[in-house]
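Chemist: Each chain, written out:
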Amino acid sequence: MHCDQAETLMFDYVEDRLSHDMRMRVGDHLEGCASCQGLHNGILDMQAQARVWHDVAPPPWQLPRVHSRFDLSGMAQWFPSLASAVALILVITIYFQQPGQAPLGQPALLPSPTPSPMANTDTQPVLEHLRASSRDQRQQEMEALVRLLKAEMDRRSLETEESLRYVIAHQIQGQRELDDLSRQVQQINYPVPAADTRGERM
Amino acid sequence: MLGTASDEKLVARALAGSNGAWHTLIKRYEQRVYNYALRMVRHPDDARDLMQEVFLGVYRNLPGYRGDGVFPAWLFRIASYRCTDYLRRRRFHTSFDEQDIGIAAPDDPHKQTLATHANQQISAALAGLPTEQRHVVELKFFQQFTFEDIAQHLGISPNTAKTRLYAALRKLEKHEDLRDAL
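If you're matching them up, the sequences are chains A and B in order. At position 53 of the first sequence the residue is numbered 53 (the working numbering), and the sequence of numbers has no breaks. At position 174 of the second sequence the residue is numbered 174 (the working numbering), and the sequence of numbers has no breaks.
A few of these clues could be false.
[As the list claims (entries may be wrong)] Label pairs and their in silico Cβ distance ranges: (1) A/Q47 x B/R28: 23 to 29 Å; (2) A/L44 x B/P158: 28 to 34 Å; (3) B/R60 x A/N41: 40 to 46 Å; (4) A/Q47 x B/A12: 33 to 39 Å; (5) B/A127 x A/D55: 26 to 32 Å; (6) A/M22 x B/T146: 15 to 21 Å; (7) A/M22 x B/R28: 34 to 40 Å; (8) B/A127 x A/K150: 36 to 42 Å; (9) B/P63 x A/S35: 45 to 51 Å; (10) B/T131 x A/M22: 43 to 49 Å.
[What the hints assert, rightly or not] List time: in silico SDA-like cross-link candidates among lysine to any residue, alpha-carbon distance up to 25 Å: (11) B/K174 x A/R135; (12) B/K171 x A/D12; (13) B/K27 x A/M1; (14) B/K162 x B/Q143; (15) B/K162 x A/R135; (16) B/K171 x A/F11; (17) B/K27 x A/A50; (18) B/K162 x B/H117; (19) B/K9 x B/P44; (20) B/K174 x A/E31; (21) B/K27 x A/R135; (22) B/K162 x A/M1; (23) B/K162 x B/A73; (24) B/K171 x A/L30; (25) B/K27 x B/Y81.
Derived from the structure by calculation, the hints contain no laboratory data. Given the structure is predicted, the values throughout are model-derived calculations rather than measurements. Even glycine gets a Cβ: it sits at the ideal position worked out from N, Cα and C.
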């Protein structure tokens with residue numbers, strides 16, 4: 001018997017499913033073949049290891065987590081979190097999208113902001129995808145989302161800064177104009193006497 | 001009784017909308033799937049993730065279960081797909097926390113220590129195998145499937161399954177941890 005034949009029959013040999021004659025032939029081959037003997041021992045060892053494996057019970061909190069993916073009571077558990085997340089993202093998006101209506105308010109002089117890329121993002125598919133993905137994937141995607149949010153906030157901060165400078169510059173210019181106007185009004189109401197002027201010159 | 005119903009009956013009831021039947025089905029297989037996952041991915045957190053993915057896959061594919069085969073075989077076919085996908089996606093924990101594979105029943109500390117040790121040695125040895133070989137070892141030795149079943153699960157021929165198994169055994173032969181586990 002050759003090694004390839006013995007290997008083909010090895011499991012049947014170990015599980016005692018061969019005829020007596022075939023069993024004898026495989027046994028004879030094993031006695032003279034170190035390679036097949038190693039394989040035979042490997043099968044026996046692995047069978048023994050499968051027996052010594054101690055079944056571990058899943059953690060008690062695992063069951064509700066698994067079930068929660070499928071039934072309505074589970075949906076009731078994650079739905080508030082999802083709704084809160086969607087609401088938060090919507091609030092942030094609306095806040096940055098409409099600075100003119102923000103609580104702090106901004107002057108009408110401000111240039112109208114360019115549309116936010118986040119405002120065009122439909123958050124629902126993203127959140128659905130996040131929910132369906134694995135823990136690591138969720139973490140990566142959440143990090144990506146946070147980075148996007150930070151970048152957006154940075155961009156908005158720069159825009160706000162520019163807007164403030166614009167306001168300040170206009171306020172300064174407006175103040176100058178106001179001062180000029182004030183001086184003109186004072187000159188009209190309280191004209192400087194000509195004699196005094198002459199007297200001073202003397 | 002729901003608790004003693006066959007898998008096929010539970011599947012039929014679950015498909016008809018019975019949450020109880022579905023939960024019974026999960027309860028019946030969760031430990032087996034969890035331990036399968038533990039041997040395949042080693043880390044309990046990953047095993048829990050994988051277990052959830054397996055049951056999610058089972059749930060999604062349940063309408064396609066024709067009931068013409070044995071339910072565990074069908075379930076582990078999904079588990080194999082999910083596991084392969086999972087291993088492909090995730091980066092492995094390079095350092096293995098010795099405390100990670102714990103034993104749930106702490107009634108006898110000595111037995112627990114031995115069992116934990118054995119599980120760790122076996123997991124460590126299996127982790128050294130390529131994924132496709134690990135699948136075959138798992139299905140043959142731990143799930144007791146035939147080569148025909150394994151071949152069907154993995155979409156390969158029975159001979160290829162056997163070749164992969166022998167290649168795995170020759171690698172494991174050199175693994176000292178396995179000897180310690182016995």
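Chemist: Quickly compare the C-alpha distance for B/K27 and B/Y81 to 25 Å and report which way the hint goes.
Modeler: Status holds; Cα separation ~21 Å.
Chemist: Within a Cα-Cα threshold of 25 Å, do B/K171 and A/L30 meet the stated pairing?
Modeler: The given pair, whose Cα atoms are some 19 Å apart, holds under the 25 Å limit.
Chemist: Checking one constraint from the list: CA of B/K162 to CA of A/M1, max 25 Å. Satisfied?
Modeler: The given pair, whose Cα atoms are some 19 Å apart, holds under the 25 Å limit.
Chemist: Does the alpha-carbon distance linking B/K27 and A/R135 stay inside the 25 Å limit?
Modeler: 23 Å, holds
Chemist: Would you check the hint for B/K162 and A/R135, treating anything up to 25 Å between C-alpha atoms as holding?
Modeler: With a Cα-Cα distance of about 35 Å, the restraint between B/K162 and A/R135 is violated, given a limit of 25 Å.
Chemist: Mind checking the alpha carbons of B/K27 and A/M1 for me, to see if they're no more than 25 Å apart?
Modeler: Violated - the C-alpha atoms of A/M1 and B/K27 are around 48 Å apart, more than 25 Å.
Chemist: Check the following: the C-beta atoms of B/A127 and A/K150 are separated by a distance inside 36 to 42 Å.
Modeler: 37 Å Cβ-Cβ, so the 36 to 42 Å window holds.
Chemist: Does the Cβ-Cβ separation between B/P63 and A/S35 fall within 45 to 51 Å?
Modeler: Because 48 Å falls inside the window, the suggested range holds.
Chemist: Given the range 15 to 21 Å, decide if the beta-carbon distance of A/M22 to B/T146 lies inside it.
Modeler: 19 Å, holds
Chemist: Are B/R60 and A/N41 spaced within 40 to 46 Å by their CB atoms?
Modeler: 42 Å, holds
Chemist: Do the beta carbons of A/L44 and B/P158 sit within 28 to 34 Å of each other?
Modeler: 21 Å, violated
Chemist: Taking 33 to 39 Å as the stated bounds, is the beta-carbon spacing between A/Q47 and B/A12 within them?
Modeler: 36 Å, holds
Of the numbered hints listed earlier, those contradicted by the structure are 2, 5, 10, 11, 13, 15, 18 and 19.
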